[in-house]
Amino acid sequence: ETGVTQTPRHLVMGMTNKKSLKCEQHLGHNAMYWYKQSAKKPLELMFVYSLEERVENNSVPSRFSPECPNSSHLFLHLHTLQPEDSALYLCASSQARTIETQYFGPGTRLLVL
Amino acid sequence: EDKVVQSPLSLVVHEGDTVTLNCSYEVTNFRSLLWYKQEKKAPTFLFMLTSSGIEKKSGRLSSILDKKELFSILNITATQTGDSAVYLCAPRTGGFKTIFGAGTRLFVKA
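Taken in sequence, the protein lines are chains A and B. Using the numbering used here, count along the first sequence one by one with no gaps and you end on 113. Using the numbering used here, count along the second sequence one by one with no gaps and you end on 1110.
Don't read these hints as lab results, they were simulated from the structure. Watch out, some of these pointers could steer you wrong.
[Unchecked claim] The calculated lysine to any residue pairs, modelled on SDA-like cross-linking and capped at a C-alpha distance of 25 Å, are: (1) A:LYS41 - A:PRO66; (2) B:LYS1037 - A:LYS18; (3) B:LYS1003 - A:SER38; (4) A:LYS36 - A:THR101; (5) A:LYS18 - A:ASN57; (6) B:LYS1109 - A:ALA39; (7) B:LYS1040 - A:MET13; (8) B:LYS1003 - B:LYS1097.
Every value quoted in this text rests on a predicted model; they were computed, and no experiment measured them.
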């Protein structure tokens, strides 16, 4: 099984919907990350969790709500999104927040109508 | 403000060509620089560079860092169609923040 998995792989939602993205890592890592990748823009770091504690929140709107119930799972809860939130959402993990190498999941392609 | 500039933005070459991808950066309290390859979805790790002037090699790929001039290059020799991807440069700061460049899109023609 691949190290970092994400579900769903594709998601279409309306602006009034509530949905959640799930990330699971099987690498025994202690740090997990959410990134947003919009078309023709660099990867943008959204949230960082280290040992299940949120350590970084890069000015992300409150319509994105992360949750890290344990070191293997990370969720991104979505509600009342806007069309400009359509993007590829990538989850990553690393051995620790201080360790450089991050391993990425395949991403969830989100389309907000 | 932290900044990462990759060039060229895109590149089309023929199989067998050698390419050089550039990354210049200005970040607070630089710690290291990573290169990733992104094909369909997930970026995959290529190299981590921390010291100037020491080349890292992996098969046909190699990379080097110049901390004085604040840039790094990624070389790919004898390119193959499987090298077609977006190559991302990502400096990392002392505050453990990784900043990604916009990437260079490489297309290798058969």
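Results of checking the hints against the structure:
1. A:LYS41 - A:PRO66: 22 Å, holds
2. B:LYS1037 - A:LYS18: 33 Å, violated
3. B:LYS1003 - A:SER38: Given pair LYS1003 of chain B, SER38 of chain A holds - Cα atoms ~18 Å apart, limit 25 Å.
4. A:LYS36 - A:THR101: 18 Å, holds
5. A:LYS18 - A:ASN57: 21 Å, holds
6. B:LYS1109 - A:ALA39: 23 Å, holds
7. B:LYS1040 - A:MET13: 22 Å, holds
8. B:LYS1003 - B:LYS1097: Holds, at about 12 Å.
Hint violations for this structure: number 2 only, all remaining hints satisfied.
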